[in-house]
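Chains as they are written, first to last, in this note's numbering: chain A, 118 to 229; chain B, 82 to 195.
Hints listed in this document are in silico derivations from the structure and should not be mistaken for laboratory results. Keep in mind that a hint or two might mislead.
[To be verified] Quick list of the computed label-pair ranges, beta carbon to beta carbon:
id: 1; chain 1: A; residue 1: E122; chain 2: B; residue 2: P142; range: 35 to 43 Å
id: 2; chain 1: B; residue 1: P89; chain 2: A; residue 2: T194; range: 36 to 44 Å
id: 3; chain 1: A; residue 1: V161; chain 2: B; residue 2: F150; range: 22 to 30 Å
id: 4; chain 1: A; residue 1: T137; chain 2: B; residue 2: R148; range: 38 to 46 Å
[To be verified] Examples of chain A residues toward chain B, derived with CB under 10 Å:
id: 5; residue: L136
id: 6; residue: G159
id: 7; residue: P198
id: 8; residue: T201
id: 9; residue: G208
id: 10; residue: V218
In this text, a Cβ means the ideal position worked out from N, Cα and C, and glycines have one as well.
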Amino acid sequence: TQLLEQSPQFLSIQEGENLTVYCNSSSVFSSLQWYRQEPGEGPVLLVTVVTGGEVKKLKRLTFQFGDARKDSSLHITAAQPGDTGLYLCAGATIQGAQKLVFGQGTRLTINP
Amino acid sequence: KAGVTQTPRYLIKTRGQQVTLSCSPISGHRSVSWYQQTPGQGLQFLFEYFSETQRNKGNFPGRFSGRQFSNSRSEMNVSTLELGDSALYLCASSLRGALNQPQHFGDGTRLSIL
């Protein structure tokens, strides 16, 4: 079974602080996606990383795909209340059924 | 451009009943995937349909089934409902279903089993 372990599960910090969310697995993925989900809505794609070692920046968000394509991180600089939400990582499987395997999610709260 | 539409948004059923959920993908998208989201298990893949054929399947019992129509709209059916089936059911569409393509999610159907 291919699993993605996401940490931390919950994170509550003050506006302006930096944070990092981790997504780890013992399995290799062909690509990895990060989503953000708000209450009552479906997940919205933030980024897809495909190449081992790849780094992508989206304003204050920096995404990194591990060299071995087994792990990823999301770093937010100077967090703002609008960043509050559930962040999900999802890996595209290589073996077996072609599907996205999701991490459990990180519920992030940014306090003003 | 209209997004992915799921109906109904909320549904209450009792144990033993069956239910059908509907998903209309973004126009032009041929792949529709279904997911179950619960607080304990997170988002879990149910199945994917492409051009009216089930292409991939997750590890759910046979009570969970689906189909896709020629216009790419998809339905998911759950028979003999159990309390543990209470969840948010999400569908996602993409152009061709390649996993490095963006998956566009609907806002889900929240199913409650009494």
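- Item | Hints violated by the structure (numbers, ascending) | Hints 1, 5, 7, 8 not satisfied by this model.
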